[in-house]
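**Q** Now for the letters of each chain:
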Amino acid sequence: MFNSIIKPSLVLLLVAFAASFSLSHIQKITYPNIIKMEKEKQDLALKLVLPGYRITGSKKAKVEGKEFEYWTAEKEEGGTAGYAFMVAGNGYSGPVESIVGIDDRGTILGMSILKQSETPGLGARCVEVSSKETLFDKLLEKTARNEIYMPWFQKQFSGLNSGEKIRILKKGEWNEGLMESLRKENAVLAITGATVTSVTVTESIKNGHELLKKALASGAEKKEAGK
Amino acid sequence: MNYWNEFTKGIWKKNPILIIGIGMCPTLAVSTSVSNALWMTLAATFVLVCSNILVSLARGITPSHIRIPVFIIIIAAFVTIVELVLKAYQEAVYDALGIFIPLIVVNCIILGRAEEYASKNNVVASTLDGLGMGLGFGFTLTVLAFFREILGANKLFGYTLIPGMEPSSAMILAPGAFFTLAIMLGMMNWINSRK
Amino acid sequence: MEIKVLFTILLTTILINNYVLSQILGLCPFLGVSKKLDSAIGMGLAVIFVMTLASFITFIIYKYVLIPFNIEYLRTITFILVIAALVQLVEMMIEKFSPALYNALGIFLPLITTNCAVLGVAVLNINSGFVTADLGILKSVVQGFGGGVGFTLALLLMAGIRERLELAPIHKNLIGLPITFITAGLMALAFLGFSGMKI
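So the sequence lines, in the order shown, correspond to chains P, F and E. For the first sequence, my numbering gives the first residue as 312, with consecutive numbering after it. For the second sequence, my numbering gives the first residue as -3, with consecutive numbering after it. For the third sequence, my numbering gives the first residue as 51, with consecutive numbering after it.
Next up, chain P with everything else stripped away, as it sits in the complex:
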């Protein structure tokens, strides 16, 4: 009895206990840094999607039974309002989370994809930085790389209208020159071979815009009632 049941159970229990005990210590050491990194990432993203704006508040609202996180902001000169909000859509292989900044007329000021697990080389190119710099330039130290480039797929969203349907065009590789004509059509260039990812992002932005409208409306009502 002792040798066949109790002893092995005790040994297993001991090993499991030792493992969880040491893990909890490591978790204690790393946890503050994990939180700090997440906060930094969010602050950086907010600055990126609302250029020239000052964040005035962060709010969490319940819209249609789901949690919706958004920030209110103010233009540093002029005082027009701006908003940033978090959206998520289901991509090709998991959720794609992005943060979007818009002004009071619904024009997108910037968007940044925070989390994605799309296929490398296809969907994952939504966070790819388009640069003309090649490995040879780097090796020969022709160019210095010290500024942060915005991924090309995300850059195309600036200036589009988030209230309307954002169209998706397929015109091959992206370059600066296409920006103007795309903006006129309220469209973005799809990532080659990963239309699903592009659709996910554009649709989640449109949904997010509607949720924001509802959240703001219900917030205003509450204020009225409070008065």
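These are computed hints drawn from the structure, not numbers from a lab. Keep in mind that the hints are not guaranteed to be accurate.
Claimed, not checked - Using C-beta positions, here's what the derived DEER-type ranges look like: (1) F:Glu162 / P:Ala329: 50 to 58 Å; (2) E:Leu217 / P:Ile317: 51 to 59 Å; (3) P:Lys350 / F:Phe153: 27 to 35 Å; (4) F:Gly154 / E:Lys54: 34 to 42 Å; (5) P:Asn472 / F:Leu38: 22 to 30 Å.
Note that the structure is predicted; figures quoted are calculated from it, not measured. Glycine included, every Cβ here is placed at the ideal spot set by N, Cα and C.
Once you've looked at the hints, dock chains F and E against the given chain P.
**A** Relative to chain P, chains F and E alone:
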């Protein structure tokens, strides 16, 4: 016992992937870019060496019929350490490797070495065996990633190689992984058959 | 509406995101057990069973034990232990109640613990955000079942091809694993075709 031999056998003569044929999943899935491959090597080798040391230390104490669960707990604990540390200090790597960090637990190389080698040999030999196997795994992974990144993304270490060229995206996806490994295995057979 | 979502998950995991041929999970049993069609069927059934059950149990443990106690970081260690225990339990149950089935599946059951598709689906269920979604438990069970079916599909196709490859004249350096990988690559190329499917 020749310690040098214990170390080098994992790299070529008993290469876990090319000769023994285990640990295929992370090899194929993570070899999309050289930097991913190198980080994976680092993570897996850390877990392999640490679990080998602990298993070797506990080789007399563990009752033999519950050794597998004990090994699994030890391995999973080290994998969690890797997970937490990467998440806290190298978030980009954590995001890039994604699900394949927790999946190091079921990498057959690690459990295989614990069962086959570390539970029967002393600490020094087990450490060297772990290091050698880790390097052998990393060597294969990096070579695979080198070809796949060049052909599939037109990049190396994240920098574009030939501007304006459209890479073959099938190479970065699953088919490319299978084909590249098939060619490597074929080359390996060819080299070994000429001796 | 929910039925449609569940069906989408099922179809996606079987065809579009096939665990073996597009996510590259569970290769060891895929290569090891695909030599004969009979054993492939046995392995496939065992994997479907364990993956469905594992999705269910790990989801419950994550949502009702790990999250309330704030110990999500113990995810990996808990999941692998649950899967190992589950496989052991299933093995004993089958041996007791259906010796015929046990004789057919017996040798494959212990192998399933180290099948990374099983742990993979458990972790993916959490990463897909099912924990906070409505009907999350049903979605993860469907994802687990679909994953198992997709694995079985790939395994059966491969076993069928490999039985014929035995008789084919192949260059001597490619016999064995290399030609199997080339076959798997061609199959993966074919499965890539599903990725354009709109559902």
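**Q** Evaluate each hint against the coordinates.
**A** Each hint tested on the structure:
1. Checked against the given bound of 50 to 58 Å, the beta carbons of Glu162 of chain F and Ala329 of chain P, roughly 53 Å apart, stay inside it.
2. Separation of Leu217 of chain E from Ile317 of chain P is about 56 Å and conforms to the stated range, judged on CB atoms against 51 to 59 Å.
3. A beta carbon spacing of about 29 Å between Lys350 of chain P and Phe153 of chain F agrees with the range 27 to 35 Å that was offered as a hint.
4. Between Gly154 of chain F and Lys54 of chain E the beta carbon distance is about 40 Å. The supplied range of 34 to 42 Å therefore holds.
5. About 46 Å separates the C-beta atoms of Asn472 of chain P and Leu38 of chain F, a value inconsistent with the hinted range of 22 to 30 Å.
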